[in-house]
Every structure is written in C-alpha cells, then in structure tokens.
Amino acid sequence: MALVASVRVPARVLLRAGARLPGAALGRTERAAGGGDGARRFGSQRVLVEPDAGAGVAVMKFKNPPVNSLSLEFLTELVISLEKLENDKSFRGVILTSGACPAGGCLVALTCDYRILADNPRYCIGLNETQLGIIAPFWLKDTLENTIGHRAAERALQLGLLFPPAEALQVGIVDQVVPEEQVQSTALSAIAQWMAIPDHARQLTKAMMRKATASRLVTQRDADVQNFVSFISKDSIQKSLQMYLERLKEEKG
Amino acid sequence: MALVASVRVPARVLLRAGARLPGAALGRTERAAGGGDGARRFGSQRVLVEPDAGAGVAVMKFKNPPVNSLSLEFLTELVISLEKLENDKSFRGVILTSGACPAGGCLVALTCDYRILADNPRYCIGLNETQLGIIAPFWLKDTLENTIGHRAAERALQLGLLFPPAEALQVGIVDQVVPEEQVQSTALSAIAQWMAIPDHARQLTKAMMRKATASRLVTQRDADVQNFVSFISKDSIQKSLQMYLERLKEEKG
Amino acid sequence: MALVASVRVPARVLLRAGARLPGAALGRTERAAGGGDGARRFGSQRVLVEPDAGAGVAVMKFKNPPVNSLSLEFLTELVISLEKLENDKSFRGVILTSGACPAGGCLVALTCDYRILADNPRYCIGLNETQLGIIAPFWLKDTLENTIGHRAAERALQLGLLFPPAEALQVGIVDQVVPEEQVQSTALSAIAQWMAIPDHARQLTKAMMRKATASRLVTQRDADVQNFVSFISKDSIQKSLQMYLERLKEEKG
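Protein chains in written order, with numbering that gives the first Met the number 0: chain A, 0 to 252; chain B, 0 to 252; chain C, 0 to 252.
Treat the hints as calculated values from the structure; they're not laboratory data. Possibly wrong hints are sitting among the right ones.
Which copy is meant is left open, so a pair is good if it fits within one copy or across any two.
Said to hold, decoys possible - Derived lysine-lysine pairs resembling BS3-like cross-links, with alpha carbons at most 27 Å apart:
hint : residue 1 : residue 2
1    : 238       : 88
2    : 88        : 233
3    : 233       : 210
4    : 233       : 60
5    : 248       : 88
6    : 62        : 233
7    : 238       : 83
8    : 60        : 238
9    : 60        : 88
Produce the entire structure from the sequences given, and follow the hints as far as they go.
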C-alpha cells in the first residue's frame, strides 16, 4: 500500500485539514527506496524515512512487525517523522508504504490523497471492526463515506469487509492497483501530478473538502475517547475480541 | 423483490435506526418458502410469515393484491408481524418479498440492508411520484440519496424514474439481479453474510450510518404529515392523480 | 456543451432553487438551431436566443469570443435573456450551448438538469482553479460534489482537472457524450423527457434537492465575495495568475 498524503496521524488530530504535504499510499514495498542523490535516511525503529530532497519527496516505510500495528510507540514515531518533514521546506510530498491495511491502517490510507495497492491477493484494505465485535468510530465512518459514498460505506462497515485488490479498486477505496514491483514508481508518478499544483491552492482546496469531517472529530474528540474506552473495557467486548484473536490463531495454525 | 432488512416500517417511524433484525429484499417469489424444520407459519390476511427458526431467519410475503398497495391495513399487519419477529430471540434476520416496487414499495426496499431483484422486465423499482404530479417527501429523498448518491437521486426523483432490472443494478438501487427462480436462495445466502457479524456491532454501526436521516424524519414528522395532507388535498393535485390513474387504466385496457 | 437547465446564473443567485425552466447543456453547436415554426430570434450581442414556441423550448447560444468568458456584460445579457424566457409562459425549457467549459462555464453546466458533451478531444469540462493558483469557492465545490461525489470532487478540485469527453462521462460530470453533429438533437430528446413531467412536481423536487446548497450560498454570499476579492487582489495571487496566462500564451504560440 502506498499513500500520497499530507496528513498528521490519528494519534494527534486525525485528518488535520490543510496540512502541507501531499501524500500517496502504495502497496507493500519491501525493497529499498533506491536512495538517490541527496538522500539522508532518517527515522526510528518502526518508521524509516528515505528522503529524496532533489525531488522534494520522502518515502516513509513502516517497520512494525508482524502487521504494522498502530501501537502508541509506532504512532509517536510516525508523528515525529511527519513533523520533521513538514518543518523541512525542501519536502513537498510524502509517500507512505506498508503491508496489510485493515482498520487503523486503512484509516492512514484514507487520509492520504491517493491510494495505490499491489495486485496481490495477500493484500487487502478495509475496516473490519464489526468482525471483531467492535464499532468503527464516527470519524472513521465519515472518512470512509467521503471516499466510497454512503451506501458502499454502510455495507462495508456493517459487514466489516476487507477488500482484495480488484474489489478495492471497484468500490473506490483505492485509486489504482498495479503489479507489486511497480507500486513505488507508480506512487512517484502520482505524487508528481499533485506537486505540479501550486501548494497554497491545493492546500486550501483540500482543507475546504475535509473541514466538516475534521471539525466534527476535533469538537467531539474527548467524548469519543471516553465512549470508546468505556465500550472496549466491557467484559462482553473483551470476550468478543479474545474469540476473534483465537479464531485468527486457529486459521494460521 | 427480496429485502434483507432490520427495519420498522413507515407507518411508525420509518428507518428506526438500529433495529435488531437484518433483512434482505428479494424479487417476486410466488412459490412457497420451502418451510423447513421448525417452521411455524403465521401472519395475517396481507402479510404471510414463514419462519425458519433453525436458521434464525423468517421470510415475509406480501399478499395485498393487485399491487401490494401500502394501505393502512397492510402497514398495520406488517408492523405487527415485524414486532413479533423482533420480540422473538430465535430470529436474527428477515427476508421481505413482494412484487412491484414503486414509491412506498421502493421505500421498504431502501430501508433494508440488501436488495435483490428478479431479472424480469415486468419488475421495476423507483420513486415515480412526479409522474403522478406529487412530490417524494424529504425522508424518502434522503433515503434514496443515501443509496444512489445525490446526482442519480436528483435525476431519478425529478423524472419519476422506475428502473428495470439492468438499470436498477447499474444505478445501485438494487445490489443484485438474479433469475427469478434464484431470488429466494440468493437472499438466504446474502442474509447469512450479515448474520455472521456479531449483532451488537452490526446494529450500532447501522444506527450510526442512518442516524442523521432517521433523526431528521422523527424531528419533522408532524410538520411533514400536515404538509403532505394539505398538498394532497388540493383540487389541482387530486385532478392530477385522477388523470394519472385514468392513463394507467387506458394503458391496461 | 448543451445544458438542460432551469437556472439563474451566478451573477445573481447561483442555483436559484426551483426555477421554472428545465435545461440541458449541449456540446459545441456552431450551426444554426434550425429555426422552425414560430421562432422569433432575440438576444443580444453575446447571447443569442432561438425560441421554438411550439415545442416550448428555447435554444440559447453563447457568442462571447474567443472562449465565452463570463464577463459582467455577458452575465448581464444571459440573466436578462433567461428572465425573458421565464416570464414567457409559452416556454418550459431552455437549452444552453457553448464551447469550452472550464471554471465558470463548468458551473453553468453543473447548475443545469442534464449535460451533453460533443465527442471531440478539443472540448473538456472541469474546475481548473488550482492550476491558476486560485481556489474554487465553496458553492462551486458543493455543486461539483453534488454531481460527482466527494472523493471524485476532492481529486478533481485539488488537481484542477479538466476532463476530456470520455473521462467526463466516466466521472459523471456529463450525462452523455455524442458526436458533435448530434449534440443539439440529443438535447432536444433529453429535454422532452423532463418536460413530460408536471412542472410543479418537478420544480418542487428540484428545489428540495438543491435547497441546502443554494441556501448556504445565499447566506454566506457577502462574506464569500469579500473573501474572494481580498484573496484575488493579493500580489502573490496576481503574479500566479499572470504566470498561468503567460504559460497559456506560450503553449499557443
């Protein structure tokens, strides 16, 4: 999954409208980013950043095995890396790459400007919360609905659908499906299209499109956190999650 | 038309968000539901219910000839039957079946979770109010817009379009079109997919998706009823309806 | 571009909900409208109206070379011509025809009921504001979003996309693409479909669909005008516009 994105991540204020960097999400890209002139790798244990200052683009790789879980440590490192890029005027775009894209990973993808998925049935994208017996929060629902429309979002969220590549493209949750080895080059082409637009115009337009959704999250953030904590702490929900995890183990075992 | 639905019907509070039963709407199915073990048929003159308690699903058949008009008697019987099912813990889903699906019939379909239409040009679905010289109420407009999007809804509502099967599928007002004899089996397969999801998670997700539309209806219900009664009582509108009915008779005659 | 439309234009109150005339937008039609019985041509320097009172339809042609720019003079003449038609009970529909459809021209098309584009790569439609370093105002964003959905609108607006015919049809910004010589006859067929519906029902339905967008514009109109004037007067924006115009000249030169 490769993302063209200009977002701060959920740990802070999801979908910070009008953030500066455009971004594109690519499918799984395990191989190195190619480096290039002026590349000064940086990053942390879980987030590796390969900047190409000449092109004004950085490629960010998630390294949080086995499934790039969005742990507090991971999200903190991601936010720090994004802030570094945002504060460095030589970067105008960022490409995020990861593996699987369920739930929170799907959210990171949805907040980006463009989504590219590797054409491999092993990779899928979606919000599978209901399959775990939990509920996607309203701001995740809003973000999905903005991307694929109300009806498709209702069905996907109720059934907790994870879309394999062809279906993901058809429903519109990703913009392109390409062979795995072309994911990164496709993302670089895509991001060039976004970077051809004057930053201020693109940024204000993006803020206008996402303002309603972002404001709603910011306004209701505390209530939503309390609500989620109280829900997730229930014995019945914990039991439901445990059953799901055990089923996962059995499927793999 | 077969519906996978978990709704209370318009006579009460249309789209009661978060109702318990999932439902699927099937195309015309005149043949018997197959009964099965544990089936205890019940129902009334106009609504026949064939429960399959083993599967946790009931099939509801509308019998209000010639066109399953949504008369007060019919709606009352429908609501009573749905409440019976909702209060019986052995049922988790209901399949509604009918014939034609214009106007109110289309609404019943739209409130369901999944819609299956028989591939027969005799059957169509849509909101043809303007063809009769009347206006779909705002909550019907909202529900259609949630399903097929703003632009398609605007065109369909202004022109009073009734979609035959292929067009219905293309515009997204139904989810599947299948040969007439496969409608019920397809509905049973579809509803199994919804019933695989933990009830509480699916139900809360559905309520979240439909809350805005349902709340708007509930809040403005009395004003809407008064508005409609005053509109429909006008001489010019009564005349327009009469002309439509006469044209219908001529076409059949 | 041929439009089936019932709108007053942006110079006054964009999207005056519930205006009387339905309209269809056709692709470029340079040849004469055919006249017909009862045709009494009228119009002005920049807007030519060829009424066909028998059919109840008028064809409006834009003549503001080289690109039908929406100058104050042009918009004034357009509004006067539309008002004449609206006040004449013998007309129930209007077909607008023009050439290129970027920015404001696209808006005129979007406010119509149906859009037909000539199948010629020279013609395209879209909102290319960001390419000029400026921002589409919120009411133009709302109108585009109503037509093609949130995700497609976000991408189109950020990138300032101008869609050639095939892409325009695919994204839904036009309803039909036909050979250039069939544009006007197609518009006449389309408008007949709209005129078959009782005026009052169609008009109230249209008002219901567009009310939220139109009200938002009307309420925030003065603030929006001030906002735009202050934005467009900035040195940096003027410089950005100048660069764009120079690039255009170079491309043509």
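To see whether the hints hold, each was checked on the structure:
1. 238 / 88: between (48 Å within a copy, 21 Å between copies)
2. 88 / 233: For residue 88 and residue 233, only the inter-copy Cα distance (22 Å) is at most 27 Å; the intra-copy one is 46 Å.
3. 233 / 210: Intra 33 Å, inter 24 Å, cutoff 27 Å: inter-copy only.
4. 233 / 60: neither (35 Å within a copy, 40 Å between copies)
5. 248 / 88: neither (46 Å within a copy, 31 Å between copies)
6. 62 / 233: Answer is neither: 32 Å inside a copy and 45 Å across each miss the 27 Å cutoff.
7. 238 / 83: Neither, since 40 Å and 30 Å both go past 27 Å.
8. 60 / 238: neither (34 Å within a copy, 38 Å between copies)
9. 60 / 88: Within one copy only: 21 Å inside, 49 Å across.
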